[in-house]
Structures are given as structure tokens and as C-alpha cells.
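A.B. asks: Sequence:
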Amino acid sequence: MDNAQIAKALEEMAELLEFRGENPFRIRAYQNGAKAIRELGESVAAVLSDPERDLAKIPGIGKTLVEKCQTLVETGSLPQLEELRKAVPAVVIQMARIPGLGAKKAVKLREELGIESLGDLRKACQEDQVAGLKGFGKKTQSAILDGLAIAEEAASRIYWSQADGLARAISDHMQKCKAITKMEWAGSYRRGRDTVGDLDLLVVASDREAAMDHLATYPDVSQTIGRGETKISIRLDKAFQLDMRCVEEDEFGAALQYFTGSQAHNIHTRKIAKEKGLKINEYGVFKIDDDTKIAGTTEKDVYEVIGLPWIPPELREDRLEFKLAQDGKLPTLVELKDIRGDLHMHTTATDGTHTIRDMADAAIERGLSYIAITDHSKRVSMAMGLDEKRLRQQWAVIDEIRNEYQGRLTILKGIECDILEAGGMDLADDCLAEADWVLASIHYGQKQPRDQITERMIGAIENPNVTAIAHPTGRLLNRRPAYEIDMDQVMAAAKQHGKFMELNANPARLDLNDLHLAKAKALGIPIVINTDAHSIDGLDVMGYGIIQARRGGLVAKDVANTQDWPELKKLIDVQH
DNA sequence: GCCGTTTTCGGCCCGACTGTTTTCAGTCG
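Using UniProt numbering, you'd call the opening residue of the first sequence number 1 and step up by one each time.
Hints are not guaranteed to be accurate.
Claimed, not checked - Below, in silico cross-link-like pairs of lysine to any residue (SDA-like), each with a Cα-Cα straight-line distance of 25 angstroms or less: (1) Lys8 / Gly60; (2) Lys63 / Leu84; (3) Lys63 / Ser43; (4) Lys495 / Arg340; (5) Lys569 / Glu404; (6) Lys274 / Thr298; (7) Lys300 / Gly328; (8) Lys57 / Lys329; (9) Lys300 / Glu248.
These are calculated hints, taken from the structure and not from any lab test.
Predicted model, so just to flag it, every value in this text is computed and none were measured.
Please put together the full structure from these sequences, using the hints given.
C.D. replies: Here's what the structure looks like:
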């Protein structure tokens, strides 16, 4: 079992324990343990099998969780988890996904009314049975009926890029409200997570009612879920939720810090405050003994009074940021303006919609100094992938065009060469050797067993003509999981053979993810952030990759294409 | 279940809102 699978098992333990009404701190301990393992930069199985190492030394993992990990690694399952699965019926878990229903009420509904399906629940509501239960009422009953529709729509997380579109449109709308003097987005959107589950908006307003009224008039609002003196929650089309919170000017920094999260980051922040005799809430930082307020206007103040520098939102996951902050070693994260080139894009030769010249002109407009044309190789027949002959023809064209762009843009002869199902590269080595830039990637045989697909990937890394691995895990957010691949082995091989790894900036990919990027950085593997553009517009996704890179803690020098091509070329030669 | 330059027991971040209550539990973030 790999770390992700172990973490998932522990998370499920936490979820199920919640339904059993367990001690909340025990539940959190399982969540913390799962997080620690998911973010651990090395394999749990490897640590366990090394007599020199002790898994319990990792914060959040104690004696009990070590035993659980051992059982999971050795047997692939966990008896306590199996028992809990039997003890907590699936329908209870389904019911708890309905907004407004949680573990306690879901359990009660099943026990008191014998609900065994969401259909039963709907019927019970329609027959007015729910409103009579203690702790329930008419409003809860009708909220459940509304919620059933939402639960069935499975309001999933949306891509960061989609959240960004919504947020920008809503910002435009809210700016028309004169009562609002300050506004900022918070939550996982501000932290730049690859997907976003809801939007959090923070405002300072001279008239709170007016600000809330204004939000409620946004055209896509389908429902107001709740509204109080300081907060309004609405549902946008497709069940997506937005919370807006109104605060005072001198609370804005504290509120922004608070609502940006993550939850784990906030818990850690407040623990540090508490140790200093301070208390942090969304209104400010206060002395515990006499309740004096000592900060709150800006986020910077909030961090400073507990002895920390301001921490970039992308790093606020309670991973390494507190240690880095305390040691004064917070990185200056990479920015979009640092990017000099784009090393993955397609043209009309395969499945792109624009020509080499179109892409070159668009790259110049975007301030780039070099691009690599990397069309598909022949195995990707659906995209009319290139064989050696057609590829060499394309390169001949590039040779001709290069002169036109001399001094403005360097156009590199590249290829995105498939790693074949049986292993090996899709194009002959003598051909690949003529390229300036060779990406290797997997498009077929994605469901192969772990050992096989890992071996294929490592085979490509060992090929001296390959420069970088493109979209190394193959994941498509919300659509397709990553390949079953041993990234520890893949990264070790990349390190050994001096290969680059791609951060594919396509908002549905963002592959490598933040944790893999952090690991690659720790190993010293150079990252290239590429758009994988299939059209001119596709070049504009670079920013999404930058945010992901920031979440991985990358600085400009960790990203190879922040250098100009001559320097990058030298780096390639040294690496190989 | 984890953790400990006060502790191996007794803490564990903090508050808004709702609906059902009549002082609070449940849910959410």
C-alpha cells in the first residue's frame, strides 16, 4: 500500500468514527495522521521496513497509528475499518452529504424512521414524518427536501480556473455596490488549490445590509442558504456555494487570515498565539488575560504579533511553512513574470489548431523569448501523431522560419514522444537525438499495474535523448485519477539521470501536483512549467501552473524555464 | 489518538448561523 492509500484508509476511519459519535479529538487525530502520511516525502512502507527509522517520530503519528500503518502495509486492509464500514450504513453517509444534515442527524433519521435510502428519506419528508422528530422541525424537513436535489447533483469541486472565472465576474458585480469599501477573496481559491469547493468573499462595507442585498441580486444566485448580521451564504447555479462575510476595517486582516485558512494552518497559528498568551479569532489578535486587541487591520500584523513573517496563502497548509517562517527561510515564490519560455505546445501538424508561425507570434505577444514545438508522435494516431519522416519535415520548416524570428524568439525543434505500452519510445533514437527538446509522456496503457507503468516511465527517463517527462502522473482533475505509478522510484530515476519533470499548467491537469513539486524541489530535480497549448489561447494557462508551483514552494531557480534558452541549454548539457 | 523546557493526564482553535429550543445542539467553515 502506498502513502495515498494509507492516508485514504485513515481518513475513512475518521469519517466513520464521526458517525459513531466518537471523541472529536480522536477523529482529528486520524485526520492529522492521514494528512501527515499523505504529505510525507517518503514511503511509509520504506520507513517501517528500516530498523533505523521510527514512524512514530513523525508529528501526528503515534503508537496506535504506527500499528495501523503496519497492518495496512502488510495486509492491505484494516480490521477496525472493516468493522466500522459494517457498523455505519452507506445510507447514513449519503444522508450526511445533504447540506444541513450531519452525522448525528443522519444517524437519528435512520434509527428513528428506519430510513434505508435517499428515496425513503424523500418519502418520509413528504409524509411529514421528519418534522415530528426531536431536534427536527418543519424547516429542517423542507431543507432536507431541497438538499436532496443538491446532493443528487453531487456539487463537486470545480477547477481553480473555473472558480477564478466566477470570482472575477462576481467581483465586477460587487464593485458596483457603493457601500463596499474593501473586498478580498479568501478560502481555498486564495490559497490556489487545484480545485475549489466554495468561494469565500470578505468585505468591509459602510452598510452591511446593502452589501448583502447587492450580492443577492447577482444574476446566478439560485438560493439564499442563510443570512445573519455579518454573513450571507448563497448558492450559485449548479449548487456551488458562496459565503460573504462583512467585517470592520480594523478586523479585515484578521478576518482575511482566518477565512483564507487552511483549517490546519489556522489551528497551528492559534496554537502559537496561545503559547504566547494571545488569542486569534476573525476579529483580531487579543491578549488572553485582559482581552486587549493588539492586531487585526492587516494580515501582516496578525502574523507579526505572534512572531512570524507574513506567509503567502499558497503555503498555508500546515506543511513546512511554520518552520520556514520561524527560521526566516520563507521562499520568494516564483511568479508569472519570471517565465521566459514555454516548452510544450502543439500545432496543426497534429491536434493543435494553429500553425508554428501563429504560435510563435502569440508567444512573442506574451513576452516569451523561446518556445518548443512539441507535437505528438505517431502512436497517438487519433491526433495524427508524427512519424520520423513528418517530424523531420516539420523541423525543416522550423529551420526556415527561425531566421524570420531571429532576435525576437527562439523556436526549438521538439517532440512529445509517446512511451509505448510495451516500453520504449515511439520514435527512433537517431531521430530523437536531432531534437533540441524531447518530452516523453504516456497516453496509452494508463491502467497498467504499478510495476509495469513505473518500469515504462523509468525506461524513458534512462533514454539519453529524453529531456523531460510531460504530465508525469496523467491525472485529469475530477475525471481520471493518476496512473498507479511509483513516484518515489520515478523521481529517484529522474534525479539520477538528470532529467527534468514537467508541471503541466493545463487547469484540468496541474500535473505534477503541489506535493510532488515539493518533493522534486527537495531532490533538486528541475521543473519546467509548460502550457501544453493546443491553440493560441492555450498559451494563457501558464498562470495556473505558476500558482501550483507556488503551492509546491518553488522559487524561480527551481523552475528551469525561468532561464533564457542559452542558460537552459547549458543546464541540459550539464544534467545529462 | 496525540502530545509534553510546567504535565504520562488532561488538554486539544474559534465563532456564526439555524432551528429548535428556553439555554443549546448540530452543522459548517
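A.B. asks: Would you mind marking each hint as holding or not holding in the structure?
C.D. replies: Hints, one by one, checked against the model:
For the hint pairing Lys8 with Gly60, the CA-to-CA distance comes to about 16 angstroms; that is within 25 angstroms, so the pair holds. With a C-alpha separation of about 21 angstroms, the suggested pairing of Lys63 with Leu84 holds against the 25 angstroms cut-off. Taking the CA atoms of Lys63 and Ser43, the gap is near 18 angstroms; set against the 25 angstroms cutoff, the hint holds. Only pairs whose Cα atoms come within 25 angstroms are accepted, and Lys495 paired with Arg340 is accepted, the gap being roughly 24 angstroms.
The straight-line distance between the Cα atoms of Lys569 and Glu404 is roughly 22 angstroms, inside the 25 angstroms bound, and the hint therefore holds. A C-alpha spacing of about 20 angstroms is found between Lys274 and Thr298, which places the hinted pair at or below 25 angstroms, so the restraint holds. Taking the CA atoms of Lys300 and Gly328, the gap is about 15 angstroms. The hint holds against a cut of 25 angstroms. Of the pairs offered as hints, the one joining Lys57 and Lys329 holds, with about 23 angstroms between alpha carbons and a cut-off of 25 angstroms not exceeded.
Of the supplied pair hints, the one linking Lys300 and Glu248 holds, its CA atoms being roughly 17 angstroms apart against a limit of 25 angstroms.
Going down the numbered hints, you'll see the structure goes against none, and every one checks out.
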